[in-house]
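A.B. asks: This is what each chain is made of:
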Amino acid sequence: MTLALAKLAPLLAAVEIHKRTGGNASCVAQNKAFCPGWAIDNFDRYTTPLLNHLLIVLVAVGIGFAVAFGMALLSHGRRWLVPTFTGATGVLYTIPSLAFIFLLLPITGLGWTTAIIVLSVYTLQIIYRNTVAGLANVPAESKEAGLGMGMTDRQLLWRVELPLALPEIIAGLRIATVSTVAIASLMVFANVDTLGAPLYQQITFKTNIVIAGGLTILMAISFDLLLLVAQRLLAPWRRSSREATA
Amino acid sequence: MEAGHQAASVSYRDVTKRYPGQTEPAINHLSLDVPAGDICVLVGPSGCGKTTAMRMANRTVEITEGDILIGDTSVRDRDPTELRREMGYVIQQTGLFPHRTIADNIATVPKLLGWDRDRTQKRVRELFDVIGLDPGLGDRFPSQLSGGQQQRIGVARALAADPPVMLMDEPFGAIDPISRERLQNEFLRLQAEIQKTVLFVTHDIDEAIKMGDRIAILKQGGHLAQYATPAELLMAPADDFVEDFVGADRALKRLALMRVRDIDLWEAPLAYVGQPTAEVKAKLEGAEVPHALVVDSERRPIGWLSDADLRGEMVPQKPDTGPEPILDLDDVMRDALADLLQTETQYAPVTDAQGRIGGVLSVEIISEFLVSPEAKVEEHAAVERPRDV
Chain A
1 MTLALAKLAP
11 LLAAVEIHKR
21 TGGNASCVAQ
31 NKAFCPGWAI
41 DNFDRYTTPL
51 LNHLLIVLVA
61 VGIGFAVAFG
71 MALLSHGRRW
81 LVPTFTGATG
91 VLYTIPSLAF
101 IFLLLPITGL
111 GWTTAIIVLS
121 VYTLQIIYRN
131 TVAGLANVPA
141 ESKEAGLGMG
151 MTDRQLLWRV
161 ELPLALPEII
171 AGLRIATVST
181 VAIASLMVFA
191 NVDTLGAPLY
201 QQITFKTNIV
211 IAGGLTILMA
221 ISFDLLLLVA
231 QRLLAPWRRS
241 SREATA
Chain B
1 MEAGHQAASV
11 SYRDVTKRYP
21 GQTEPAINHL
31 SLDVPAGDIC
41 VLVGPSGCGK
51 TTAMRMANRT
61 VEITEGDILI
71 GDTSVRDRDP
81 TELRREMGYV
91 IQQTGLFPHR
101 TIADNIATVP
111 KLLGWDRDRT
121 QKRVRELFDV
131 IGLDPGLGDR
141 FPSQLSGGQQ
151 QRIGVARALA
161 ADPPVMLMDE
171 PFGAIDPISR
181 ERLQNEFLRL
191 QAEIQKTVLF
201 VTHDIDEAIK
211 MGDRIAILKQ
221 GGHLAQYATP
231 AELLMAPADD
241 FVEDFVGADR
251 ALKRLALMRV
261 RDIDLWEAPL
271 AYVGQPTAEV
281 KAKLEGAEVP
291 HALVVDSERR
301 PIGWLSDADL
311 RGEMVPQKPD
321 TGPEPILDLD
331 DVMRDALADL
341 LQTETQYAPV
351 TDAQGRIGGV
361 LSVEIISEFL
371 VSPEAKVEEH
381 AAVERPRDV
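As they're listed, the protein sequences go chains A and B.
Take the first sequence: its letter number 24 is residue 24 in the numbering used here, and every next letter is one higher.
Take the second sequence: its letter number 60 is residue 60 in the numbering used here, and every next letter is one higher.
Just chain A, with the same shape it has in the complex (with noise of 0.2 Å):
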């Protein structure tokens, strides 16, 4: 399969082209489980797949909550729709993801549109999901207070509902983009070189392994920190409950 994969995606055929210079050579012989040396000497060829997955990542996640956020601001107030909305990005999210790029070669072919298409539909379910339970969740009394004190619909959902939705909101986010961190190595069955490239080029090799697979790591934990920092940040009102209850 492998084989037929790299006819499809050109930089799968790249497997071990890049030799196993630099370092220390008995280390590098061996493979053993991290080679310092062979890093450092060849930690250049990790910066543009680096870039490119966090590229990618951030815009797949970016439209993918454009989309998401639509929706759920389309089904508020409309609740039939919001079965339909959940079925449809639930579907989407079961296709497992090489079959999902396969289904769009004809359509989009490879590269990076097929790439993100890909990863933005996986976002939708959980981002969706996320934003209609936020929005379901704010306290009755406050709707009926913000609507009782003459606040519009707009007004009601733009001052009271979303600020308060957006703590779970941002959960969504958290867990769509670490998700989105790791699908994006597959992103390589669709030649778009992203940290999964040098990780299936050399497959055997350890260090390799490490690098490639720890960046990803290192990536997804960033971006659940940082995310988690915004969450803190935009929703004080938890945090001093939270101190006022300690």
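There's no promise every hint is true.
[To be verified] Derived SDA-like pairs (lysine to any residue); straight-line CA-CA distance at most 25 Å:
#1 K219(B) - P25(B)
#2 K122(B) - Q155(A)
#3 K143(A) - S75(A)
#4 K143(A) - K219(B)
#5 K111(B) - L156(A)
#6 K143(A) - V61(B)
#7 K111(B) - I63(B)
#8 K111(B) - A133(A)
#9 K281(B) - L310(B)
#10 K143(A) - T64(B)
#11 K122(B) - R78(B)
#12 K143(A) - F43(A)
#13 K143(A) - K318(B)
#14 K111(B) - S75(A)
#15 K283(B) - S297(B)
#16 K111(B) - P135(B)
#17 K143(A) - P323(B)
#18 K318(B) - D153(A)
#19 K143(A) - M258(B)
#20 K111(B) - T64(B)
#21 K143(A) - E298(B)
#22 K219(B) - P35(B)
#23 K143(A) - A251(B)
#24 K111(B) - P236(A)
#25 K210(B) - A251(B)
#26 K143(A) - V75(B)
#27 K143(A) - L310(B)
#28 K143(A) - A133(A)
#29 K210(B) - L188(B)
In case anyone wonders, no lab produced these hints; they're calculated from the structure.
Only a predicted model underlies this, so the values are computations on that prediction, with no experimental measurement involved.
Here the structure of chain A is known, so what remains is to put chain B in place on it, guided by the hints.
C.D. replies: Using the frame of chain A, we list chain B on its own:
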């Protein structure tokens, strides 16, 4: 609407509310007039439509038939959001926005009305004063305040744009009984100053009697069973439903509406320090109160003369029995009775604001009072009315 508006009357004109798909209306031809500056309590069992009735006033529930006038203007001719911004709105769980600071919460309606920053801030500071809370709380979030404080903020928020009418939906329902009592008293004190027209929903008849200038009792199906002052309601319930709802202890409840000065007190035989006991004994013959009350030269009670005291020559400086409890003419009758029962005394001297004796209240006076209106009520009930299903 600018701040500083006079209270407006609220008038329900044959208002009916039907929900689609329901055969029976939720509110059935409701008519009532609330004079400007009065508190009208809507009370009744759950499902009687009291909240629905209130909400039609600010059109959070639309009127099916009939009309509601605020002053002279029909609410149906008003834009709903504009109308709501002119009516204070307080609900049970406070409905404070958890994500906004206290100051921002209070400023909600002024912001919707587009007031500038300075005017809004000035008004927020004023309101902290009005409700008697520390303006330092302004930067906190609602969850950092106690339930009672939150409810006060809820009232302040409703008052922010100085609305002529306030809608209050079980505002003290979720508060513990002790804080509730305090909040009720605070609100009554506040209302004496601000004189808003208030529609107040509760399911608690005691709260209705305490808070209402007028009480509308609603029964199942949104029928108005009786609209009257608390005293009228207690003395002459319109039907069996009202009688049941007001409760068997309504005579006792009437005590909560009366002050000691409203009842005919007994006159105690007075004894002055140094007076010969023979004179006092003569006074005791045939007196309403069989004991003599020792008073000073200003007629302030010192104590009761005991039989042992009477065996002496002169009225002593310090009689055996102290005068406690001493009641005030302005005491609420219910509290006065509680004092009598608590100290296990039959009689208590009642004094005026200067502490001078004004008469004696006895348990007997109260029990006679309780019996007399009861008799009237029984008479009234004897006029048979068809019993409600």
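A.B. asks: List in ascending order the numbers of the hints, as given earlier, that are violated by the structure.
C.D. replies: 4, 7, 8, 11, 12, 13, 14, 17, 18, 19, 20, 21, 23 and 27
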